[in-house]
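So the sequences go chain by chain: A and B.
The working numbering numbers the first residue of the first sequence as 1 and each following residue consecutively.
The working numbering numbers the first residue of the second sequence as 1 and each following residue consecutively.
Just so you know, not all the hints are guaranteed correct.
So these bits of chain A aren't anywhere near chain B, every CB distance computed over 12 angstroms [as the list claims (entries may be wrong)]:
#1 L18
#2 V57
#3 A85
#4 I119
#5 W121
#6 Q189
#7 N235
#8 I242
Below 25 angstroms or equal to it, Euclidean Cα-Cα: the simulated SDA-like pairs (lysine to any residue) are [unchecked claim]:
#9 K15(B) <-> W106(A)
#10 K107(B) <-> Q208(A)
#11 K130(B) <-> Q171(B)
#12 K130(B) <-> L222(A)
#13 K130(B) <-> Y211(A)
#14 K108(A) <-> F13(B)
#15 K363(B) <-> E287(B)
#16 K153(B) <-> Y93(B)
#17 K108(A) <-> E54(B)
#18 K130(B) <-> I291(A)
#19 K268(B) <-> D352(B)
#20 K115(B) <-> Y212(A)
#21 K130(B) <-> L215(A)
#22 K219(A) <-> Y93(B)
What follows is a list of derived Cβ distance ranges for each label pair [to be verified]:
#23 L215(A) <-> S38(B): 29 to 37 angstroms
#24 F13(B) <-> I127(A): 43 to 51 angstroms
#25 T361(B) <-> G109(A): 42 to 50 angstroms
#26 F13(B) <-> L21(A): 55 to 63 angstroms
#27 S135(B) <-> P220(A): 19 to 27 angstroms
#28 N68(B) <-> Y130(A): 54 to 62 angstroms
#29 S135(B) <-> I227(A): 30 to 38 angstroms
#30 V70(B) <-> L215(A): 25 to 33 angstroms
#31 F13(B) <-> P220(A): 30 to 38 angstroms
Simulated from the structure, these hints should not be mistaken for lab results.
Heads up, the beta-carbon is just placed ideally off N, CA and C, and yes, glycines get one too.
This is what each chain is made of:
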Amino acid sequence: MQVAFRRSRRWAGFTAFLFLLPSLLLILIFQIYPFIKGVEYAFRDIELVRPTEGEFVGLRNFIIVLRSTTPRFWTVVFNSMVFTAGSIAGQIGLGLFFAILLHQRWVKGRNVFRSIFLIPWVIAGVIVGYTWRFVYDPRAGLLNRFLIALGIMPTPWLISPRTVMIAAIVTNIWRGVGFDLLVQLAGLQSIDLDLLDAAAVDGASGTQLIYYIVLPLLKPFLLISLIVDTIATLNLFDLIFILTGGGPMYRTEVMSLYMYHLAFDQGYLGRGSAVSVILLLITLGLVMLYIFLFEEEAARV
Amino acid sequence: MASVTYEHVTKRFGKVVAVNDLNIHIEDKEFLVFVGPSGCGKTTTLRLLAGLEEVTEGKIYIGDRLVNDVPPKDRDIAMVFQSYALYPHMNVYDNMAFGLKLRKVPKHEIDRRVKEAARILGIEDLLDRKPRELSGGQRQRVAVGRAIVREPKVFLMDEPLSNLDAKLRVQTRAELIKLHQRLQTTFIYVTHDQMEAMTMGTRIAVLKDGVLQQVDTPQKLYNEPANIFVAGFIGSPSMNFFEATIVEEDGKLLVDTGTFRVLIPEAKKEKALPYKGKKVIFGIRPEHIHAPPYVPPGISAAHIKAEVDVKELMGNEIFLYLLSGKNRFIARVDPRVAARPGDVVEMVIDMDNMHLFDAQTEKAILH
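Make a model of the complete structure from these sequences and hints.
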């Protein structure tokens, strides 16, 4: 009886494995293998014109990348940081703002608004990029025509080095804010309304309510937003590739674009891979930092 | 410390009327209990006073101050919620200190008040804990503590005991009564449990469907219920009701239920007279139906016959479920009564404690 039971257990495990096998194979072939290959390329002198050759060169690719001057590697890292920080601040800030607004009792059609906010998020980045190029167009663009109508000097948003980063960040915020709205709204809905009533009776004004009660309770949701936004923005390629292509004068050359330019414009696959490995390390570092900070905070309060 | 007055207060949610033209004056230092079945508007009544809901019509005063447009934070009230609503991210100390911090009370004063409240409630050892690390009873104490430290004009409590187990509930009930005596502040308490209402309130307001049925002391509510609803709601087991007619025989008035006739005592005759020949509801509490030979002396006894359907032994008393024709009723009798299910027994109704209600309006005719 017991033997039969055990055998059937083992059999069940094997069946489960069979069911998992196709997915595991797909993951192995299309995710694990390319990832390992990518890391491996970073340590080989491999070029696009002869992708099957390329000897092991240790850290040389990394050193070349770090020492590069056009553009300087640190400029690229700096651009990535500014783009990411600006995007995240805007997305989470606005997402939270709209979430609080939509969460108000008097708001009707909450789901409709939520869907509308989500539309830009589900549109392909390429399309967003093209759309906003029209918006920013110096002559025919929506933005400048609007400014002219208001009597304000128009600006060549994507051409001027002073404004291009802001323009890129605004576009990315527009695209991503729906996701943060969704997460924060879910967070708000998870807060027991009695807590807000209790705080109101305790003497909290509207802003105090948000600061002392809502934000601390939203922390887990803010952490999710922060992590997902960071990963998405640091690795963002399509939108900014179409919108600015990294220009003008490398002002919006972020790491993902730099990697692409190195690997596929200049043909240095190895160096491009080195950049992507660095990008991965930065992303991992940031995410770990967030979790560390938030847990510290949670333990202290 | 302050009185509270509801003046023609109505609250509608869309088309639903939650509170309907409520008029009540609650004295300073009173322990008033709002009681009623769920959905009767008692919690809404409390939330209106707290400022968590807006009054649709009417006026609410705390002391002499009209508070209709005063936000909750400026009403100087403290509230204990059914869910306790402790801030999960703050420890017990901060939960209790929160309201004082917002009011910019000096630190040493906050510390004094929190520790004093913690001492009264016996939660001094828990001050560093988070709410999730507390038991239900401990959370309840913290919620009360958070209200105490505020030293408010009025305490509001919304079913604060309903999440406790039966034993703890009885114990905490006594503690809240003691707390009221100690603090000498107005308490307004909401519950669906008539037992809680009877034991705690100096006065009880019975609500049904948003309409105030009666406000009175527990004893008066029990002895002289204003209508059938109050009569049935207060007391456990509930009062027995019989559809009946008033008939006259040999110059005496009788209640005729169809299966038995009982004599209305002389003292009560006058009020019953106008209802002669009319349909009424006859009410008698289970504790006023006795089984011979255990009948107290000096009552206006009316004898009826009934069949025992079910017998519930409570130890100190017995509940007899009785049948008399189409009428079913309960008697709360002496534990020595030997009657068994199926027996036809003679029961004695104490007519001095009878109630009569108008069958149409359901209002009390006499007690």
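Hint by hint, here is what the structure shows:
1. L18: Fine: 42 angstroms to the nearest Cβ keeps L18(A) off the interface.
2. V57: Since the minimum Cβ distance to chain B is about 52 angstroms, V57(A) lies beyond 12 angstroms and the statement holds.
3. A85: 26 angstroms, holds
4. I119: 32 angstroms, holds
5. W121: 30 angstroms, holds
6. Q189: With a cut-off of 12 angstroms, Q189(A) remains clear of chain B, as the shortest Cβ separation is near 16 angstroms.
7. N235: 33 angstroms, holds
8. I242: Per Cβ check, I242(A) is outside 12 angstroms of chain B; nearest 43 angstroms; holds.
9. K15(B) <-> W106(A): 16 angstroms, holds
10. K107(B) <-> Q208(A): Answer holds: K107(B) to Q208(A) is near 19 angstroms, not above 25 angstroms.
11. K130(B) <-> Q171(B): Status holds; Cα separation ~24 angstroms.
12. K130(B) <-> L222(A): 22 angstroms, holds
13. K130(B) <-> Y211(A): 19 angstroms, holds
14. K108(A) <-> F13(B): 16 angstroms, holds
15. K363(B) <-> E287(B): 22 angstroms, holds
16. K153(B) <-> Y93(B): 22 angstroms, holds
17. K108(A) <-> E54(B): 19 angstroms, holds
18. K130(B) <-> I291(A): Status holds; Cα separation ~21 angstroms.
19. K268(B) <-> D352(B): Since the Cα atoms of K268(B) and D352(B) sit roughly 8 angstroms apart, the hinted pair holds (cutoff 25 angstroms).
20. K115(B) <-> Y212(A): Holds - the C-alpha atoms of Y212(A) and K115(B) are around 22 angstroms apart, at most 25 angstroms.
21. K130(B) <-> L215(A): Since the Cα atoms of K130(B) and L215(A) sit roughly 18 angstroms apart, the hinted pair holds (cutoff 25 angstroms).
22. K219(A) <-> Y93(B): Between K219(A) and Y93(B) the Cα gap is close to 21 angstroms, so the pair holds against 25 angstroms.
23. L215(A) <-> S38(B): 29 to 37 angstroms: 34 angstroms Cβ-Cβ, so the 29 to 37 angstroms window holds.
24. F13(B) <-> I127(A): 43 to 51 angstroms: Hint holds: Cβ distance 45 angstroms, inside 43 to 51 angstroms.
25. T361(B) <-> G109(A): 42 to 50 angstroms: 46 angstroms, holds
26. F13(B) <-> L21(A): 55 to 63 angstroms: Since the Cβ atoms of F13(B) and L21(A) sit about 56 angstroms apart, the hinted range of 55 to 63 angstroms holds.
27. S135(B) <-> P220(A): 19 to 27 angstroms: The hinted range 19 to 27 angstroms holds for S135(B) and P220(A), with Cβ atoms some 25 angstroms apart.
28. N68(B) <-> Y130(A): 54 to 62 angstroms: 56 angstroms, holds
29. S135(B) <-> I227(A): 30 to 38 angstroms: With a Cβ separation near 35 angstroms, S135(B) and I227(A) satisfy 30 to 38 angstroms, so the hint holds.
30. V70(B) <-> L215(A): 25 to 33 angstroms: Distance hint for V70(B), L215(A) holds at roughly 26 angstroms.
31. F13(B) <-> P220(A): 30 to 38 angstroms: Since the Cβ atoms of F13(B) and P220(A) sit about 32 angstroms apart, the hinted range of 30 to 38 angstroms holds.
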